[in-house]
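Colleague: Spelled out, the chains give:
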Amino acid sequence: MNDIYVARSSAVAARALDKEMVVMSMRDPTLFTLNEVAAEIWQAADGRTPLSSIVRDNICVKFETEPDIAYADAEALCRQLSERGILLLSDQPI
Amino acid sequence: MMPSLIIEIGKFPVEFVAADPVFVDTLRERYSGFTTDSPSVSPVRFSVETSPDPFPGEERIQMSRSDGCWQFGRDTFHAQWFPEKGCGSIRQTAGITPIDNVLRVLHTLLLVRRGGFLLHAASAIRNGKAFVFSGVSGAGKTTLSRMAPPDVTLLTDEMSYICPDRDVYRAFGTPFAGDLGVNGVDVSAPLTEINMLAQGPRNKRELLSPATALAALLRNILFLAVDPEYVRLAFEAAYRAVSILPVYRLTFVPTEEVWEMIS
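The listed protein sequences correspond, in order, to chains X and A. For the first sequence, the residue numbers in my numbering are 1 to 94. For the second sequence, the residue numbers in my numbering are 1 to 263.
Treat the hints with care, as some may be off.
Chain X side only, calculated, beta carbon under 10 Å to chain A, not exhaustive [to be verified]:
1. A14
2. A16
3. K19
4. E20
5. M21
6. V22
7. S25
8. M26
9. D28
10. P29
11. T33
12. L34
Quick caveat, the hints were computed from the structure, so don't treat them as lab data. Positions of the beta carbon are idealized from the N, C-alpha and C atoms, including for glycine.
Given only the sequences and the hints, what does the whole structure look like? Please build it.
Modeller: Structure (structure tokens):
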């Protein structure tokens with residue numbers, strides 16, 4: 001598995017409310033509401049922690065999911081958010 | 001001295017100075033109830049110049065900021081505003097619609113710096129408290145306004161003016177009218193709740209989760225400037241509002257009974 005690193009874009013405004021997260025891109029301004037799992041990934045996306053570690057330490061523990069399935073879902077989500085410009089993706093620390 | 005008119009919304013006055021006295025009289029009539037000779041504070045002053053030719057530009061308002069100057073315009077006007085100097089200029093085609101555009105732009109920019117916003121919403125005062133009813137075109141803002149009982153003071157059926165005042169939010173009347181076609185009343189009251197409108201088979205009101213409330217509010221705030229600082233300020237203003245105010249989804253049948261839920 002080739003791991004990836006994810007970092008929150010600086011061109012967004014974001015706020016956690018209860019367990020969800022509302023994120024607004026400052027470019028368009030497009031709005032995103034992240035559910036509890038997505039919010040967890042978003043908040044852990046510091047650009048230094050590999051996604052596999054985020055999934056293992058934050059997602060699998062809290063949501064009791066299988067690591068492989070959770071990683072695949074997390075990677076798909078991160079790629080979607082990256083395409084929308086609110087998350088940065090790299091194969092090395094950002 | 002050239003004729004001029006001061007239009008004050010939300011205790012923020014804007015003076016328009018034009019060579020044509022008929023133009024100023026037309027403005028006075030259009031903004032009836034919101035004009036003043038004794039403004040709350042020194043007004044922002046705009047000179048208005050009319051040109052018979054259309055302007056190069058799109059049908060929607062474009063905005064940009066550089067060197068302390070906001071520039072905004074569309075196919076019917078070009079405007080410049082220097083916030084630090086408290087003045088600006090407008091070149092426009094005939095008619096007063098560009099002035100309405102300028103006022104909306106100006107107040108979105110001014111309000112966001114004070115932690116407030118213009119919201120696509122009807123608003124009204126009942127029993128000394130303000131209520132906001134937000135939704136896109138067709139959601140029922142004007143329908144609800146039209147059905148308001150006599151004890152309700154309408155602030156607007158189209159564009160609500162929400163501004164923090166110490167530890168509360170206040171809703172102010174605006175002259176930004178929708179299909180109702182009448183100006184709101186130039187008064188204000190503490191805002192107690194925000195309702196997101198939906199029409200349905202029966203009247204009901206549900207409290208929205210904070211994230212849903214924030215997203216719904218942001219979708220209905222008048223966003224004109226794609227400027228990072230402005231977007232961040234608007235986002236934070238909406239976040240503070242949903243942190244303080246309850247936000248409901250108000251599903252209603254378009255009959256007068258819906259007002260029984262609003263007191």
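Colleague: Determine for every hint whether it applies to the structure shown.
Modeller: Against the structure, the hints come out as follows:
no.	hint	verdict
1	A14	holds (8 Å)
2	A16	holds (8 Å)
3	K19	holds (8 Å)
4	E20	holds (4 Å)
5	M21	holds (7 Å)
6	V22	holds (5 Å)
7	S25	holds (8 Å)
8	M26	holds (4 Å)
9	D28	holds (7 Å)
10	P29	holds (5 Å)
11	T33	holds (5 Å)
12	L34	holds (8 Å)
Every hint, counting from the list given before, is met by this structure.
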